Amino acid sequence: MAGLIVQRFIQLLLLLIGISFIVFLSMHIAPGDPASIIGGPTASKADIKAIQENLGLNKPILVQYWDYLKGVFTGDLGFSYQTKQSVTEALTQRFPNTLNLAIASIIVAVVIGVTAGIISALKHNSLFDALSTIIALGGISIPNFWLGAVLILIFAVNLQWLPVGGLTEPFWTIEGMKQLILPALTLGTGSAAMIARMSRSAMLEVIRADYVRTARAKGVREKSVIMLHCLRNAMIPVITVIGLNFGFLLGGTIITEQVFAINGVGRLMIESIAARDFPMVQGAVLLVATLFVLVNLIVDIVYAFIDPRISYE
Amino acid sequence: MGKGNKLASWIGVGVLAASLALSGCSSKSSSGGTSDGKQEITYATTSKVVGLSPILTNDSVSSSVIEQIYETLFVRDIKTGKIVPQLAESYENPDKNTWKIKLKKNIKFQDGTPFNAEAVKYTFDKLKDPKTAAPRASLLEPVKSIEAPDDNTVILKTDKPYGPMLAALTHSNAAIVSPTADKKQDLMTQPVGTGPFKFSKKENGEDIVLVKNKKYWKKPAKLDQVTFKVVPEITTAVSMLQTGKVQLLDGLTTELMPRIEKMKNVEVQKKEGTPVYYLAFNMDKSPMKNLAFRQAVAEAIDTKSYLKKLNGLGVYSNSYIGPEVFGHSGDSGPTFDQQKAKKLVKEKGFGNKTVKLLVANTASYMSMAEVIQSQLKEVGINAKIETLEWGTYLDVSKKGDFDITIAGWSNVTADGSELLYPRLHSDNVDVTNLSRYKNAKLDKLIEESRTTIDEQQRKDLLKKADQLVMTQLPVFPIYHGVASAAYDKSVKGFEIEPTGQWSLYNVHRE
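As they're listed, the protein sequences go chains A and B. Under the UniProt record's numbering, the first residue of the first sequence is numbered 1, with each subsequent residue one higher. Under the UniProt record's numbering, the first residue of the second sequence is numbered 1, with each subsequent residue one higher.
Honestly, the hints are just simulated from the structure, not real lab data. Keep in mind it's a predicted model, so treat the numbers as computed, not measured. Some hints could be false.
[What the hints assert, rightly or not] Straight-line alpha carbon distances no greater than 25 Å define the calculated DSS-like cross-link-like pairs of lysine-lysine that follow:
hint, chain 1, residue 1, chain 2, residue 2
1, B, Lys219, B, Lys82
2, B, Lys309, B, Lys271
3, B, Lys399, A, Lys59
4, B, Lys131, A, Lys45
5, A, Lys49, B, Lys438
6, A, Lys45, B, Lys126
[Said to hold, decoys possible] Here are some chain A residues pointing at chain B (derived, C-beta under 10 Å):
hint, residue
7, Asp33
8, Gln93
9, Val164
10, Glu271
Think of the CB as a built atom: it goes at the ideal place given N, C-alpha and C, for glycine as much as any other residue.
Extracted from the complex, chain B is given alone in its bound form (with noise of 0.2 Å):
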């Protein structure tokens, strides 16, 4: 999320003058695999490919590599979004404090040791050690200690009750690597899991080149061969698929719908997702600390039709917890209604004051924040646009230093409780809740839902931090993401997560 840059819309801008000029595509579908009848795939991804081990890193591509590489215990079905076992048998709380899970048996890792409970305590200590600086060792921070009573069983310990625990074992960052292939070697290069494909080798200092599992412990993947091709290039990647060289796609934008939609050999998937984009008022500043002027805000801002302006890739639901999360309630913040903010703006004269709108140099976020200032100038709120390149505004943005800034969360683990208490507890300001915003009665409704075990407990508590979110206002949904790829019509069987995350497992070429 968030990696583009300036350049990066100015050759989107070039390459849509050239496309319109250039009308009258030719598209080539690649048929299955390769001559010598070879099931193979290649993926373009923007960014390259950090490392392979789920430890040690947190970025979005590494992790599309590492899922099809390592597993974990439990993850989100499919359909109906539930939480199920994967190397897990089952679970079971003899208290609200511990978590005991049953291990399936006669898995092996791709190095032929055996997988049990030894490895998963080595894997979740080593992802906690504080010396191993994992960019996501919060994800187990509230787990005290890890026993491995048998090779089959695994207890997970916590002090106080843990809500979200089984959506934090769903994360790739949670996902069990081999101990004896971590002890040998190093996994950011020679990754070892249980997945159904395995490492085979880099090509070109940067493309990754995964096989097919033979002894994966389910029916092996009909894909014999996986490429992660990096094209830097948005519009060069969809060129490659108009092509044929790429097969897969994913992360669209939205300025290239329209191409990628035209294109005979391709086939796009879209699916209602877990993201969140929206607008976080600086609470700490004048006039953002006024509940009116968040109100006049959220009243300018017609996100109906903004929504239209996304070529689908945006889902509308007036809630912060997006319809594909756990804990959504239904829509309850303010709706469009320009002539109230206008009112509002006036008696309050919010219009004196010129209010700067922080954006991170993403073409998607530069646009959104474009479609903002002119709308909130109709209700007469001006704002000025200040653009920052991505690293630069993860450090302004935590320090407060912008009046509103345009921010996502992608939601990875589909619960509620991981958006709102990084983004919205007073423990998180300065870090993620870019907002500053501190609220008793929020951090109570936050924390509970975290220590609740109970589903329906935990949806009633996450119903009611919404709400009193969406009265309240620190922060104010634009959209809600889809997630989306877009794949040659060859490829049979792909199917995409709400999260945006994908197994080639089922994958195969026609």
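Pulled out of the complex, with its shape left as it was, chain A reads as follows (with noise of 0.2 Å):
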């Protein structure tokens, strides 16, 4: 396991150097000057010159890179272009916003995904499989900025059950359960729909197998046959499913803090693209490719503790 950690986290590391120089050499590349966005539309040729020099763009851009990644090295991400503030504290600010995001999602979409499948796959070909495969398509199919804002409609506008917007409160206060319910809604959707079909055929193929049949007939409990020998060993493509969509998650949360005016990484992320703010960009891409990263180790250590026949030794 050591190993395994060990070899992840060098691979990690060169991941990081790629991607670094894919991100600032595709945003030195990509039309939009970082200058002409700050002076914007007023500003004469004179002003866009200092502006360039004051942020160092007349630098080759190798130059350029070169003394961003020593200041990676030293722990320093840079700072904004746009706002001046440190990369980092923008990204420690933001951070625990998408984090509780992400994670209430994934929450909603576990709950919903996995007990919608088991049940489909439990009363297999029956009326309420039928209507949980429509939903789940259609989970899959809705854009999130639809859902959002329909929600926010009905149950902000409409009822007055739930704030619009932000997540401003403590996630542990109601208030902030109750500003973390329509967001996590909204995202955990797609993923909800995704784990409860995958849930669904890996219980399917698990109650058919031999084993299920010989617990049933030495005459265990269906209840004890459901939880202790089918839903563990489904449980491993599930877990797959469900770890990559944590971290699609905490990427893909874009969308809906920008409907929810969530305060997070995806609108940090989104703004700096439209403002050619480069450290904040490499940052964010930093932050969000490294957590995907880690996800995915966890979900590979989880695997040895459901399956004692994984071993990474």
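Starting from two chains that each stand alone, build the complex the way the hints lay out.
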């Protein structure tokens, strides 16, 4: 296990250098100049030149990249071109919101997805199964921005049960939880649908296995058959999907954060790309990539606990 | 301006569909501030505040906060549109190149230090210093020296007479900062000015909270606290206004007007504004450099009927300098005449080539482009729309990689010279003169309008310049903007300026 972790960390390091280089290069090659955006359409030629010099954008690209990389290795992710705020500080401020949202969404997704998947499998070819398949298909197909806006109109504007947006209160308070409900539902629905489909097919496969038939023949109670014999064995592919989805949720909160006015990493990323705020984009991408790799590592470790046959030695 | 994107417009479409499905909205008016009797207001902004130093920022959202914290030497009177002193007491021109400005006495910055001529000199020197890299250093570019002979006198000297000087001094980028605070701290995060509100804190990493400046040099403001809340999605901001979570929203969009105007707890204020939205022809390319082509395009577009689609957010004027901008001279351009346009296109063979219509991907520009494309098609001109994200658009449009583009100018100084010089003077090709227009006669008129001090003479020069523009048509105005805001009915005393700016000084809640 220790070997796996060390190996993954070395991979992570190489991956991050690669990602930083690609992001750096693509941001510089892409049209759009940070100085023009800071200056706005009214800035004169001299105004823009002064801003470019101030930001060091007149140096050769490789020199700029090397300066950046040196900073990263000493823990300095640089400063925002636009707001002059430290990138590390901006990410630290916003990451808790994204993490809260992603965790709440994955909880929604797992609870809805796994439950619906198991019931569908147990009641295979029933009305519930058909309905849940249709809803799951809908869940995957409905775009977040539409679902979010509709949920706001129903629950916040018309019924006024929940707040319109924002994630301003701590999640352990009632107000904080109320603020999390709509964004988590919006973001979690797509993942719930995927998890439901995966749980259903994994359960169907296991239910028909010989050892399940044997357990039933031995007179084991149905509840124990399902919980102990089926569920645990069906979980490996489901956990893979949950892990992957959690990784995606951490990096894919952009639209939900936008619709619900949540000050998270996703929104920071989209705002910074629009403003060609290179240091901020790089910092955010590196953070999301690191988390993605870490989540996958955790999933691999969890496998070993669920299925003792899996070993990394 | 222009920070929306395709995502936002898709979200808009989604919400519009949802609004239709959910008819019968409920509204909630929030009554006067908070339960403890404090007078508070929350304003929703769709973009984040970049920073709070007037010297280092040039975005409209930062400006809206900056205008509550800092003050300028002069302001435009909201009723008459005339420039009147604010921190200044009076001014005189001993000669055409000298502006002797007397300052008001006994004014203090929010940090307790005195506002005086040294502070003005410090601010303007810093704004002009190339090392500062101020985005609007060009505002005071003609100023060669700033002197402070005594505590209450500032002397600005120029090489050539500078007509729009007072207009430039009304710009929020020329607001006066506390030198002591600027040397001690970063004004981007800890601003100090002389205004009616002072910075209190940043909430949730991005919302700005201001509190009343109790030692304001005039009667203190009625509001105790003002919050600038970032709500990136405009439809969400409207929902917040409807549920009373925010009380003020500005820069309303056409597609949301029907929903906002139906809300029972909300009042809408509209005022003819200074922005102009127009077509810029690339004068370096054919057939755009042919006057007949530009005339055909101008006559093909039915601007009056387009205005009806804007739900009251635009006004008609067939001149480049709009009705609320100094130097406006009445309509003088070509009017809608489809038959004439058709004839011109046929005679000159303009239908043979497809022209590229470049637009930034804001919802309003994209829908304008579609209308223009279909109207051009009716007279036989084929236009292909190319949509670009804002940052890319800025680059591409400056390089002239288009045939026709939709552009806008907010005219924050409300002065015609400050529209014509950046947009149509040959000095600014490759930067702000998107039409790449070079006309010695127009250059001269613009220069004279900038170097003349007498207001009437300036007005005459701008009138001539505008008429020349509307005959030569390097640009063709589609409409002039309307400044708009929506606010909770408990908000009283709010007034928006034609430039879209507003002060919360006289605002209170009932």
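Okay, which hints does this one fail, numbers in order? none
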